[in-house]
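**Q** The primary structure of each chain is shown beneath.
There are 2 protein chains.
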Amino acid sequence: MTEGVPCSPLLTDYYQLTMMEAYLRHDMTQTAVFEFFVRKLPDQRRFLMAAGLEQVLEFLEQLRFSSETLDWLERHGHASRTLIDYLAGLRFTGDVDAMAEGTVFFADEPVLRITAPLPVAQLVESRVMNLLHFQCMIASKAARMVLAAPGKRLVDFGLRRAHGAEAGLLAARAAYVAGFDGTATVLAGQAFGIPLYGTMAHSFILAHGDELAAFEDFVRIHPDNTILLIDTYDTRRGAQRVVELAERLRGTDIRIRGVRIDSGDLDTASREVRAILDAAGLHEVTIFASGNLDESRLARLQRDGAPIDGFGVGTRMDVSDDAPYLECAYKLQEYAGQPRRKRSEGKATWPGSKQVYRRHDEHGQLRGDLIALASERAEGEPLLQPVMRGGQRVAPAPGLAAARAHGERQLAGLPAMLRDLAPGPADGPAVSDALRALARQLDATG
Amino acid sequence: MTEGVPCSPLLTDYYQLTMMEAYLRHDMTQTAVFEFFVRKLPDQRRFLMAAGLEQVLEFLEQLRFSSETLDWLERHGHASRTLIDYLAGLRFTGDVDAMAEGTVFFADEPVLRITAPLPVAQLVESRVMNLLHFQCMIASKAARMVLAAPGKRLVDFGLRRAHGAEAGLLAARAAYVAGFDGTATVLAGQAFGIPLYGTMAHSFILAHGDELAAFEDFVRIHPDNTILLIDTYDTRRGAQRVVELAERLRGTDIRIRGVRIDSGDLDTASREVRAILDAAGLHEVTIFASGNLDESRLARLQRDGAPIDGFGVGTRMDVSDDAPYLECAYKLQEYAGQPRRKRSEGKATWPGSKQVYRRHDEHGQLRGDLIALASERAEGEPLLQPVMRGGQRVAPAPGLAAARAHGERQLAGLPAMLRDLAPGPADGPAVSDALRALARQLDATG
Numbered sequence: 001m002t003e004g005v006p007c008s009p010l011l012t013d014y015y016q017l018t019m020m021e022a023y024l025r026h027d028m029t030q031t032a033v034f035e036f037f038v039r040k041l042p043d044q045r046r047f048l049m050a051a052g053l054e055q056v057l058e059f060l061e062q063l064r065f066s067s068e069t070l071d072w073l074e075r076h077g078h079a080s081r082t083l084i085d086y087l088a089g090l091r092f093t094g095d096v097d098a099m100a101e102g103t104v105f106f107a108d109e110p111v112l113r114i115t116a117p118l119p120v121a122q123l124v125e126s127r128v129m130n131l132l133h134f135q136c137m138i139a140s141k142a143a144r145m146v147l148a149a150p151g152k153r154l155v156d157f158g159l160r161r162a163h164g165a166e167a168g169l170l171a172a173r174a175a176y177v178a179g180f181d182g183t184a185t186v187l188a189g190q191a192f193g194i195p196l197y198g199t200m201a202h203s204f205i206l207a208h209g210d211e212l213a214a215f216e217d218f219v220r221i222h223p224d225n226t227i228l229l230i231d232t233y234d235t236r237r238g239a240q241r242v243v244e245l246a247e248r249l250r251g252t253d254i255r256i257r258g259v260r261i262d263s264g265d266l267d268t269a270s271r272e273v274r275a276i277l278d279a280a281g282l283h284e285v286t287i288f289a290s291g292n293l294d295e296s297r298l299a300r301l302q303r304d305g306a307p308i309d310g311f312g313v314g315t316r317m318d319v320s321d322d323a324p325y326l327e328c329a330y331k332l333q334e335y336a337g338q339p340r341r342k343r344s345e346g347k348a349t350w351p352g353s354k355q356v357y358r359r360h361d362e363h364g365q366l367r368g369d370l371i372a373l374a375s376e377r378a379e380g381e382p383l384l385q386p387v388m389r390g391g392q393r394v395a396p397a398p399g400l401a402a403a404r405a406h407g408e409r410q411l412a413g414l415p416a417m418l419r420d421l422a423p424g425p426a427d428g429p430a431v432s433d434a435l436r437a438l439a440r441q442l443d444a445t446g
Numbered sequence: 001m002t003e004g005v006p007c008s009p010l011l012t013d014y015y016q017l018t019m020m021e022a023y024l025r026h027d028m029t030q031t032a033v034f035e036f037f038v039r040k041l042p043d044q045r046r047f048l049m050a051a052g053l054e055q056v057l058e059f060l061e062q063l064r065f066s067s068e069t070l071d072w073l074e075r076h077g078h079a080s081r082t083l084i085d086y087l088a089g090l091r092f093t094g095d096v097d098a099m100a101e102g103t104v105f106f107a108d109e110p111v112l113r114i115t116a117p118l119p120v121a122q123l124v125e126s127r128v129m130n131l132l133h134f135q136c137m138i139a140s141k142a143a144r145m146v147l148a149a150p151g152k153r154l155v156d157f158g159l160r161r162a163h164g165a166e167a168g169l170l171a172a173r174a175a176y177v178a179g180f181d182g183t184a185t186v187l188a189g190q191a192f193g194i195p196l197y198g199t200m201a202h203s204f205i206l207a208h209g210d211e212l213a214a215f216e217d218f219v220r221i222h223p224d225n226t227i228l229l230i231d232t233y234d235t236r237r238g239a240q241r242v243v244e245l246a247e248r249l250r251g252t253d254i255r256i257r258g259v260r261i262d263s264g265d266l267d268t269a270s271r272e273v274r275a276i277l278d279a280a281g282l283h284e285v286t287i288f289a290s291g292n293l294d295e296s297r298l299a300r301l302q303r304d305g306a307p308i309d310g311f312g313v314g315t316r317m318d319v320s321d322d323a324p325y326l327e328c329a330y331k332l333q334e335y336a337g338q339p340r341r342k343r344s345e346g347k348a349t350w351p352g353s354k355q356v357y358r359r360h361d362e363h364g365q366l367r368g369d370l371i372a373l374a375s376e377r378a379e380g381e382p383l384l385q386p387v388m389r390g391g392q393r394v395a396p397a398p399g400l401a402a403a404r405a406h407g408e409r410q411l412a413g414l415p416a417m418l419r420d421l422a423p424g425p426a427d428g429p430a431v432s433d434a435l436r437a438l439a440r441q442l443d444a445t446g
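Those protein sequences? They're chains A and B, same order as listed. Taken in order, the first sequence gives residues 1 to 446; the numbers are from the numbering used here. Taken in order, the second sequence gives residues 1 to 446; the numbers are from the numbering used here.
Read the hints as simulated data drawn from the structure, not as lab findings. Any given hint could turn out to be false.
If several chains are the same, the list does not tell them apart, and a pair holds so long as it fits within one copy or across any two.
Only pairs whose alpha carbons sit at most 16 Å apart, straight line, appear in this in silico EDC-like list of lysine to aspartate or glutamate [as the list claims (entries may be wrong)]:
(1) Lys-347 - Asp-443
(2) Lys-40 - Asp-427
(3) Lys-347 - Asp-265
(4) Lys-152 - Asp-234
(5) Lys-347 - Asp-234
(6) Lys-40 - Glu-61
(7) Lys-152 - Asp-361
(8) Lys-152 - Glu-408
Please build the complete structure, drawing on both the sequences and the hints.
**A** So this is what it looks like as structure tokens:
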């Protein structure tokens, strides 16, 4: 179990238990196919990026009810003896097909398919959605920041305002998949091996009272990790103190690596600070900026040529502030070999077990996707691949570095229209004729 | 440890460790005072509600570094021998003063104060903020829903799109503090004793294929928990099938308690369904609605008199969609007996250890707050109360029911201007003369 990522089977909605009860009593335990997809992209997104598969697989591998959990369910009248007996032996023995982490995807495309006995596929719905939704949302937001600030160092600073511990941890992970360089969250470093960044907060300066003394104390303790926060009182004076300190340190092995600005107008401040540093010959001291950043601010600073070498991005990425949820769903597409279709007003789904075929142009740029039945063959690369069969992984986990490299290639293959950060036309993928025919047929026989 | 609420001391930002290193080597281990507050209310909030204190206290009580954690830090070069030795013996032995959970609060008011040796008070910043920020945000959102739908049953349905497991769990808790009746999240029932609700999903109907058969299967298994989801294919036909089923069940002990509508225009649909049910004499069958609800939709349905008895609220509450973060901060206010003030552009703070005094009118309605120095005495009720001294709780945890009752009284005491759901004037609380004088004095001597 990854620390900070709980695996209790009770991370589920109560109705999963009441439905399981009914399924068991009526012998409805045949194979069901559920797919996870996003109905509609937020206006502010032209594409989404898949992430979180690894946590879903770990959850499924670890799925079991301890005797304490079963006791609790029974004692509180939440499960009959029949259900308790079933849960006691329950393991995930189904199949999973999914897009690799880092894959770009669009509305209505299945990102993950679970094929398992109906009660089991039903039980895991809540947590599978909870895990996939969040990381897909964050990777999609982070990818926009990566596109907005090419070549700049990007570090996740968002733990404090992420929605709880797991959100902080998994936001660090999803951002890394999307191309971030690291995180400030120490547990994410331990749990996932993500590079850690961080030096000092304003409280460090305030506790010293004297800014220059604070700087000097810090660099003598951390001669290799010296990014000095210069905006506690006045950013220009902070920069001048860095110059003063550099003079004091002349002849020592200590090198000031950079400064950080966390408030005010970052464009103006970074130019002033750059000028002060350059005038003192401190050309190699980098400027790192943070404070309320999102992709549009990054893009503006980039466009205007602000002399900033890296960014700490916190809240707005870790909560995906402009789109803090995705219209995702996990829907029954097939039961006992029969395709199913929900037709609720505004929430109708494409029925049956599906595949997504992606076509590229001769330069490797994404040209378009086709959603088809899994049983069809179509031109292009099939994006859903088998990852679990009979509850066993078909291959070892590819690892976070592989997911990040895949994400990088995916972003590189985006055409200009999709790289644009502005809200834009949201043409959905194409849908195969066979799939349309199946939907019509189910509507007619409903 | 509450399941799903991890307590690793590495739930912190990397800079806390680098700063601790410097504090220790320069003997800066004297007492620091940090306060948690919200700088500015979101435009869509006229008040906020405190929640999450209990999780903060549990985190502080459990704070310790295991030998595995220390090994990891040392092996990866994240801590010197000096810091490792300090961390090995580290326990939270400080003081905590805080507003009770359920208390309404405003911009700039300290909600929680930690008084502890500087390195310890610094280390806990990230997780204390992470816990308090999230629950305050959710309780504040949920309170608006409670105000929008007085007397209606409100149930949290948000786990699947909450930002991770902990967010789902703690959202259920914070909403309950604010006055919700229960949650669908089973683990929140186990962890916090929150009442559980839930019956069936669309997949249950889809798996059966035949809607009426699905209804009948369900009610025979759950004769006391029979809320039937009627919108999978067509809401009016679903309601007619409920009538049909009720006729079949005549003479049995089985009673259909309610129906749920999860899509379409809930106002129109609920009136149509009510008419169908009433025409069949099923006056006691209640209508429960869900699907994309927030406080403005609740208020509109309430105003228009839609015949809905209860609401399931999911995503928009669990992510606080219109304000998915609060501009909160945890700032050093005093070190070694000396008040401190951050003056960064746009982020200046009120210095020193503070108290909030609340005045009420003769009907118990909230009249206004005064932020003063903790050393001052002022008219009104002091909202920050001692909850921990020397690392020990001053009283047993008041419990969730007490927090919920306190929240209810707080909402009852809100004047009409603050109950209004529309964005409104955000007059901050008053600030005492002594506090203003101290801020001026610190600015002059900076």
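**Q** Would you mind marking each hint as holding or not holding in the structure?
**A** Verification of the hints:
no.	hint	verdict
1	Lys-347 - Asp-443	within (14 Å within a copy, 58 Å between copies)
2	Lys-40 - Asp-427	within (10 Å within a copy, 39 Å between copies)
3	Lys-347 - Asp-265	between (44 Å within a copy, 13 Å between copies)
4	Lys-152 - Asp-234	neither (25 Å within a copy, 53 Å between copies)
5	Lys-347 - Asp-234	between (54 Å within a copy, 12 Å between copies)
6	Lys-40 - Glu-61	neither (30 Å within a copy, 44 Å between copies)
7	Lys-152 - Asp-361	neither (29 Å within a copy, 56 Å between copies)
8	Lys-152 - Glu-408	within (14 Å within a copy, 49 Å between copies)
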